[in-house]
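S.K.: Note that the protein sequences, when read in sequence, are chains A and B.
The first sequence begins at 1 in the working numbering and counts up by one.
The second sequence begins at 475 in the working numbering and counts up by one.
In case anyone wonders, no lab produced these hints; they're calculated from the structure.
Every clue listed holds true.
Coverage of chain A stretches by chain B, computed from C-beta distances (three or more under 8 Å per stretch; other residues unrestricted):
| id | segment |
| --- | --- |
| 1 | 11-17 |
| 2 | 362-376 |
| 3 | 383-396 |
| 4 | 465-473 |
A virtual CB, placed ideally from N, CA and C, is assigned to each residue, including glycine.
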Amino acid sequence: MQFTAPQFKDNAARALADGQLQKALTNVEKGFIAKRAAAVAALPEFDALRDKGREIKNHTLAHLDLYLEAYEHKVTESGGHVHWAESAEDARQLVLDICRRVGAKTVTKGKSMITEEINLNDFLSEHAIEPVETDLGEYIIQLRGEHPSHIIAPAVHLNKEQVEEDFRRVHTHLDPKRDLTAPETLLSEARQVLRKRYFQADVGITGANFLIAETGTSVIVTNEGNGDLTQSLPKVHIVVASIEKLVPTLEDCSQILRLLARSATGQDISVYTTFSTGPRRAEDPDGPEEYHVILLDNGRTAMLGSEFQDMLRCIRCGACMNHCPVYHAVGGHAYGSVYPGPMGAVLTPSLFGVDISGHLPNASTFCGRCESVCPMHIPLPKMMRHWREREFEKHLNPATARYGLGVWAFFAKRPKLYRMATSIGARMLSLIGGSRGRIASLPFASGWTDIRDLPAPEGQTFAQQWAARQKQGA
Amino acid sequence: MSQAQIRPKVGLFATCLVDLFRPSVGFSAAKLIEDAGCDVHVPIAQTCCGQPAYNSGDTKDTRDLAKQVIEQFEGFDYVVLPSGSCGAMLKMHYPELFKGDPLWEERCRRFSDKVFELVSFLTDVRGMTEVKVQLGKSVTYHDSCSGLRELGIAKQPRALLSSVEGLELKEMTGSDVCCGFGGTFCVKYPDISGKIVSKKTAMIGETGADLLLAGDMGCLMNMAGKLKREGSTIEVRHVAEVLAGMTDSRPIAGSGK
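Required output: the full structure, derived from the provided sequences and hints.
M.R.: As structure tokens, then:
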């Protein structure tokens, strides 16, 4: 997708002015939060599971090299192939090489954020291979030439009227008089169209929610079953996954699975949870002839051992964005990158550089709601603050902000001067506020007064008044 | 506790916003701490806890300010702040700043252990279960993010408010949702902050309460400023003013009528 994180402010302004988007975003705010809360309330051991999940991932990350080796060994043993990709370009090329070798014209895809990260669809199209998204949300946004605005609900920024319009525009072979007003009819139409595509596909590409070192298995969770058709019908299955998806054992995977759907959609477990180990064996009724795993680094190993390592525990449930007031206000596209919301505000600078992604870790109120719902206990605000520290060290933040901060710190570190300045400031602001006690416009605080009044001080500072009372009392 | 026992010495960190914009919160806090059987001291050299620098990535200035605060307040039995956000800064974030520092780590930990947000101090530390004041008004309470999520303050203010004679608590939908203040966030991203706070003022309005309360001046000034701009008459105050029975002063916003 086009990287527009540097234009975050413009993106946000556009999003705030988009009435349709604002309406669609209320679904995130209302739906997901209530569903998660109910699912969590129904599972008394949820918090204990979170601790366990953090433990499993921390252990894995501490020994990632060993588990990756073990995983590769197991995949190979089961007849599959593991390919290592250091960069997005490497991963794209590896996919293309496999597709070319088998003469693929069409590939079906299960929803995968990692293939969004490496911009795979555009790349395949440029090389005369047609990618077909099979997740309903992804299919819709593919028809529109858009990108996901949410990591588990890619088309959450749209309403059903827009989808109906797109289907009528693209599915011209169907009866123009058909009724498409109900969501179910839209779903069944997409299913009908996609069914043909599954059979056309030469290669199926999926992501992976987990990779299991113990067995060399890749795991996907879906609610539509499209992932299963994507990976079992074509003769080649390619899994594209980043290295931190690894867990040591099946048991570990099942523990974390208990957190995933509850945090994401409020389901106990997703409708389909599919474990794939290698290509089709002689006795299997179906499955691909070839099974490839492309393991992508793309900046992850640089996060290991850094203050951003905890981010690698992320299981992509989307709970942080579902609970984020900033995401609720501007939606996912405003973030201008593959990963939106709080997790994106940490991950995007890691993957693409803080010099061009600096807005994202700054555009947070640090309300901490993301961290409080994160199933893997990722300290998201703390890591956004670490990015701000890096920015500050590198002098990347705006000169006016640095200057303002410098002046403020100069006074705050000199209490006597500070007292004097605040006494004068309080009196001046109080005078400006007048008898109404409010300031409607203040040139150096327009960010504040454009939106709201500034309540005026009472006249004297607390320190002045307290000192005066102590004197009287003495 | 009996009179024979020594009254703990409490250092009141009034916070920079209270100092500048709302001295009555400082006096309300002082009264409540005294009512809880403690002696109140206000070190004159206090300025700011350092959050603006900390959240802007300026760790050097933050550490300098933290040392200044620790030096001034470490001699007290307790350090109390009428703010969950500054309270969390001193209690939770200062120790992070000095991790691995041979001179300051332990000193900071001892200091941070003594830090409490005002309402939490009154209830959790001093065992206060009621206040003997009255207010014939309906109120709605906003849970400020830091107090709620970093210090676990939710039940304590509601418990004390329920003891105020004549006060009716009308909970708003999403009392735990951020008001959009976020320190420098509200001036760096005014449009987004504006959107968040207008959702908040709508929820406040829906309760039909006479009075909006919270425990943090930043959030209060943000919500009060927006309510005022929207022409709302709902009164806005810091929770300490109500608990101390000091509601004669002009509210932060609104006429209450």
